[in-house]
Amino acid sequence: MTEISRRRLLQTGAVTAASLPFLRALPAHAQSSDVMVAVNGQTINSLDLHRTGTNRPSYQVAINCYDRLVSFGTKPSMGGGLEFDYSKVEPELAESWSVSDDGLVLTFILRDATFQDGSPVTAADVKWSFDRAVSLGGFPAVQMKAGGFTSPEQFVAIDDKTFQITLDAPSKLAIPDLAVPIPFVINSKVAMANATEEDPWATEYLHLNTIGSGAYKVARWSPGEQLVYERNDDWASGPLPAYKRVVIREVPSAATRRAVIERGDAQVSFNIPSKDALELSEMMEVNSTPIANCINCIGLNTKFEPFQDPDVRKAVAYAIPYEAIFQTAAYGRGAPLWGEETERSDIAWPRKTGYMEDLDKAKEHLAKSGFADGFEVPFSISLNQLDWMEPTALLIQESLAKIGITVTIDKIAGADWRTASLVEKRLAFHLEGFGGWLDTPDYYFFWAYKDGHLFNSSNYRNEEIETLVDVTLPMEVDHPDYEPNVKRMLEIALEDLPRIPLWQPALNVALNGATDYEFWFHRQLDVRPIKPA
Amino acid sequence: MSTAAPQSFVSHVSYVLRQNPVTMIAFAMLGALIICAVFGPSLVPYDPLASSDQILQPPNASHWFGTDHLGRDVFSRVIVATRLDMVISIGAVALSFVAGSILGCIAGYWGGWFDSIISRGLDMIMAFPLFVLAMGIVAALGNTVENVIYATAVINTPFYARVVRAEVNIRRDAGFVQAAKLAGNSDLRVVALHIFPNALPPMMVQVSLNMGWAVLNAAGLSFIGLGVRPPTPEWGIMVAEGANYIISGEWWLAVFPGLWLMLAVFTFNLLGDGLRDMVDPRQRR
Amino acid sequence: MLKIRDLCVQFETRNGRVDAVRGISLDLARGETLGIVGESGSGKSVTAFSMLRILDEGGEIASGSLTYGGIDLAQADDAAMNDIRGREISMIFQNPRAALNPIRKIGHQIEDVLRQHAQATAQDARDKAIAALEEVEIKDAAARYHAYPFELSGGMCQRVVIALALACHPQLLIADEPTTGLDVTTQKTVMDLIQALARSRKMGVILITHDLGLAGSYCDQLVVMKDGEIVEKGKPDALARTATHGYTKRLLAATPHKGKKLHELVFDGTAHPILAQGDVLLSVQDVTKTYAGKSGPVHALRGISFDLHKGGCLGLVGESGSGKSTVSSIIARLQDASTGEVKYAGSSLFDVPAAKFAKDPRRSKIQMVFQDASDSLNPRHNAAQCIEEPLRHLGGLGRRGRQDRVNEIAGLVGLPTSLLSRLPHQLSGGQKARVGIARALAVEPELLILDEPTAALDVSIQAIVLNLLADLRRRLNLTYLFVSHDLAVVQMLCDNVVVMRTGQIEEVGPTTDVLASPHSVYTQQLLDAMPTPMS
Amino acid sequence: MSQRARIIAARLLQAIPVIIGVVTITFVLTRALPGDPAVYFAGDAADEASIQQVRETLGLDKPLPQQFLIYVGDLVRGDWGDSLSTGQPVLSDLSRRLPASLELTLLALLLSCAIAIPLGVMAATKPGSWRDHLCRVAVTAGVSLPTFFTGILLIYIFYYLLDIAPSPLGRLDFLYIEPERVTGFYLIDTALAGDWETFGGAAKQLVLPAATMAIFTLAPIARMTRASMLQELSSDFIRTARAAGLKRRKVLLGYALRNALLPVVTTLGMVFSFALGANVLVEKVFAWPGIGSYAVDALVASDYAAVQGFVLAMALLFVALNLIIDLLYAVIDPRIGFEGG
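Protein chains in written order, with our numbering: chain A, 1 to 533; chain B, 534 to 818; chain C, 819 to 1353; chain D, 1354 to 1694.
Read the hints as simulated data drawn from the structure, not as lab findings. It is possible that some hints are incorrect.
As a list, the in silico BS3-like pairs of lysine-lysine whose alpha-carbon atoms are at most 27 Å apart [unchecked claim]: (1) K1006(C) with K1067(C); (2) K1600(D) with K946(C); (3) K88(A) with K531(A); (4) K923(C) with K1600(D); (5) K1603(D) with K923(C); (6) K425(A) with K1415(D).
Start from the sequences and build out the full structure, keeping to the hints where you can.
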């Protein structure tokens, strides 16, 4: 029992039940300043991002232990602290790069950098790593395809310091897609030494070891328990991180995580529920950055007959208690998406939908629709995202009952949720929280509004949207047709309303005894910039 | 031998109560629970499902147990939840009692092949980690109240079967069983009407234990998110959700449902001895 | 040595205070053997327990004194009592196997007592324990030292209990029903052992028993107790002649012994002529029964044959393990025989398997009365329901018809209708036996199998029940198969007798002939073990 | 000893059908779980092709009976498959996590026996007294609360408010280095290595979770001890012992308690197998890397290999447990040994 808390206890006298909550946070325990403890609710299941079955939380290993050619810059964030700036691309492993006039050939000059085992980083390593990223399939291959990188032939190592990519067609997403976690550079010499016939890309070896040139390397990993990073002192691609050792501890119970960050036994608590974020913000630094290009919305499945009727969809949109939901489910963290869009530009996305809670209008629309006397529908929510989905669903259930639509809430377990909502797309009425990595409206529409695409869980099909998205996606932002196309896309989406946006969720991170946290689009913890407070 | 006339059932029950104060309290609490279960919804001051803007109010004059994260009155939800939890515990226990008794009687009385097959089957259920079995059933068939009851019933059956098997086995060759055979009873009647009723006293203790356990099991399932479907109020879910709010200071969300749950499970456990005395003929004077 | 002056003992029970002992006075000189005789509930055991102050819950000595060697045991504090128990006064109990710690070697149990009273140090405790075992004539005591109670026979266990009690050479030994539950032959050897040890050590002995015959032949002084009071005192042979108290006389009469007639058991009993016997009702032909035991087949019956005439009463005598109960349950069709044949009134009983016999029309013809009444009555059914049970399946009567039949039968067996609504544990031993008999007679059987019907009863009640059975046989023209281990009872009731030993028949013949001149040595042994009339 | 070998043989023979039954039921149960693991593990933006590819690597595209035969074949060869949620072979997961759960459960049982048995004995010596009722009420209160509730309450009081207990972050604070793995039980491994400082650290971490589970398992043990003690105290050999003048303590502990232990041992067996399964909740609250939370996560993620591995391990544990109880029986009560079980 540290000296400080004992004295504080004596001063306050016996703790009575009535005064339970008042003992607020205490200064961080006297930790050695070069070690940081971060607690996280999710479990890391592999050190190799390209491996089949690697889950999303494991991406942080690729971010913290490996370098990429380029990275995004940072800008001040609306919710405090810094966040990534999609518009600024900065050098990381590549000192400089040039794009040919027709936008097809990208040439990168590498900086003098060494891998963690001391051997120099060469263009050959970059080529091998890129070939691996496109050949192992699964999510990595799909993400590379979004940037136009599909086959190893596109990648050529001119000499030790120059690396060249040739595209099939020019695309504004090419360069940004090199800043996502997937194309990280691996020490190909060590990898090939551990490869075998059935495992040419050394997935087994990379699954348990990190052989990159990044800021940290994984010193110890006990799956389901904790992961320990050791700093790579001769990291060349950016400012040397402040902490020598970083411990990522997996703590499933939110209550325990909260207790630990309040007591200061952990310096960073990643992705905490909104309620904790609101209450902790009074006593420590809490960053609640609205997640770029990400919307919590209601999915109205066109396979469910009533939702084919636009009036019914509008009736539902007017019957949603937006304000109550935003306060109860998000505790005001993140950006509201209902009511009139005033201050932002025409093609800013996510944007306010123009709908607000107006029961009379809702009843009016329902009367006009073919289902005047209402109907019954099951409302599905995911077990893994209960903290925001459950309160939202309960409030929607209650308000829809007022206009005659009776709703029963159905909780679905993790594995089944993805199959039902995204693959089979059989959930009539459900909640959805997709966020695109690349921060452009057309990228969001590519995933969520095109027929048959994964996150289009409403089975929405609109011919004009189909063509518009295909045309606009590769188009440069400053292209004359770009803005009108996007504006048209937004108009259709807000008129047809297959998905009713509620609010732009925030990623809440609490820091007690640490600072300079940066929010990144991949929504994982980047420990490199963090410094002791 | 005291020659007082044998007491009727009612006077015997009152006798058992007087003799053991703890059982008396237990039955009083049981009465209270039943009243909450039957008249709950009409007794409570607020609609348990209606949310309001007073979110997370500590206990005050208007809301005796405070309000939860959706502004619903915790007191009303706790009272109304009694009915559902009683249904879960009584349902699960009744199912496992019947199934366990039938299996136990067959294994205990006929023995031989029946006994080894049934015993191995029971071992299998016992070998299964109870929680995973319950989760498996609820996850596979959906988290409706019926599935929670079936899952709990399946887990409890071995307890009853073992008790019945032992009791039937000892009495298989007792004098009164042979006398019953002499009186022309078929094996089935002998087991059902003569042997089984005598196995009731030890079963009663098991019933009381399992009723408490059934509610706890539902609470456990809710904690992992597989319990009863929202927004129906149920102690298990309320404690499970409330538990995350303790650290942040809103202790009343979990403490009051937890307290009520404890009282109910407490009552069930204490009932055990009282029930056994009532059912045991030897206790009558 | 021991002086007890008007001792009163009271028990705190659910329905108020009960006076178990109401002011008794006793004296015991050194080396003298005193017998306390009384039936269950007479307070004899309570007196014994109060001497060592080990009364059960709620019991306490209300008044009176127990002076032993100058100390008043009633007032002595616990520490003093602890020294006396085992060193000065010690006690042995009824069923020996239960009286020993089942999971501790007998040698160690004796050592515990020795070390407790500082009679032995750790080193020589072992030798002293073996010496104690040898004193009670246990062969190769050193090996037996390591045995566990369940590995020994009943008689052997009792010897160990005696060794335990006498290990510290006490002055006074209290023996509470030491031989009940043991086989007749072993009873005799144990009692002789106690008598020899008492004489050799000049030790006072208090023998507590319900068996007047046993007390008579082993005690110097006798005391008869009833309902917590001493009703008679005196020397055994004097007592037989000069019994003053009515209760003692009834007790003397009711104790069966060699040559006693049935009607002599009860004061106003009238002798009845031997009944004429009809033709053969039951004939058992070469019946064998083998069980698949753990260590190989067990031959319970090795070929049994005998006949039973209508109206007759055949005695089946044998010690435990002789197979007499197996035969009776085969005849009652509760289990099947391995081989052989049983004919009942000409037709074979074995054509219908035991399990299906419940539906057979002859089911009501053969009924059975069980030995332990409390085990053979369903604890949840009151007396009326017990009797009515067979009627419900075999009687073919309506509800009213069954009701009258039950009352009629209750009257026949002398059971007051007021007791019919009682549960088994609310009835006395005698009343339960009557319910058992009434149940068997409810469906008017022809053959009644009586499996030791009175073994569990007190002597005086046994006398009444035996006479009731004889009377019923005559009035209802019944045929009896009387199974028992007690030759004295069989010789009073049965016309013919079959002596059985380890699954075979030792001897068959009319009771009078078998008693007068037994052919087999084994029957002779049984006869010698029978208590002789009080000289 | 021949009869002891006979007990083991008999018990193992009985266990085989149970194991086979459990393996088949788990296989069917996992296949009945909703949700397709291939989709879950194919990752976020995976399209139909990559999902199919994952399905093939997992062998889920083959017909069920064939999958079952492959699974049993692997099982016999000792290959329990790889868990997708942790990316490790199931066997190595289990071998690392089982000791964590066992250490917690055993310590909890030790704690609860140390409290429950004396309570039971005391209640038996004075049945019906206020002390008997008090003990019954207290013990029943313990079992009436869900474990996760007690766990969080203990954290709140001892860690959050009084700061007595260490931070509930798994088995060992990161300040200490994990002991070199001999048995997987931290307490034993650190003791063997003589590293008393880490031993202290591990012990401190164990206190709260073990207490939570001990509170939950008090009732059955105390109730059984009281019942069997009452029965033994009323038996004849106790009266013989008292008549022989043995001291009260010797009679109570040496004679009565020794005999009363038999049914208590059976109850312990049942409580242990029940506790091992039910400590899922405690593991969730105390971030304990035990076997329970591993199974729950696997179930939610429909990670077939992990679920089947877990259930098989628990079944084998159950069989081993029954075996140990039988042997304990034979040790305590010679009669059992003699009659060959």
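These are the hints, each one checked on the structure:
Simply put, K1006(C) and K1067(C) have alpha-carbon atoms about 25 Å apart, close enough for the 27 Å limit, and the pair holds. Of the pairs offered as hints, the one joining K1600(D) and K946(C) holds, with about 21 Å between alpha carbons and a cut-off of 27 Å not exceeded. This hinted pair checks out: K88(A) and K531(A) have alpha carbons roughly 23 Å apart, not beyond 27 Å. Our distance criterion of 27 Å between C-alpha atoms is met by K923(C) and K1600(D), whose separation comes to about 19 Å.
At most 27 Å may separate the alpha-carbon atoms for a hinted pair to count; K1603(D) and K923(C) meet this at roughly 16 Å. About 24 Å separates the Cα atoms of K425(A) and K1415(D), which keeps this hinted pair within 27 Å; it holds.
Hint compliance for this structure: no hint is broken.
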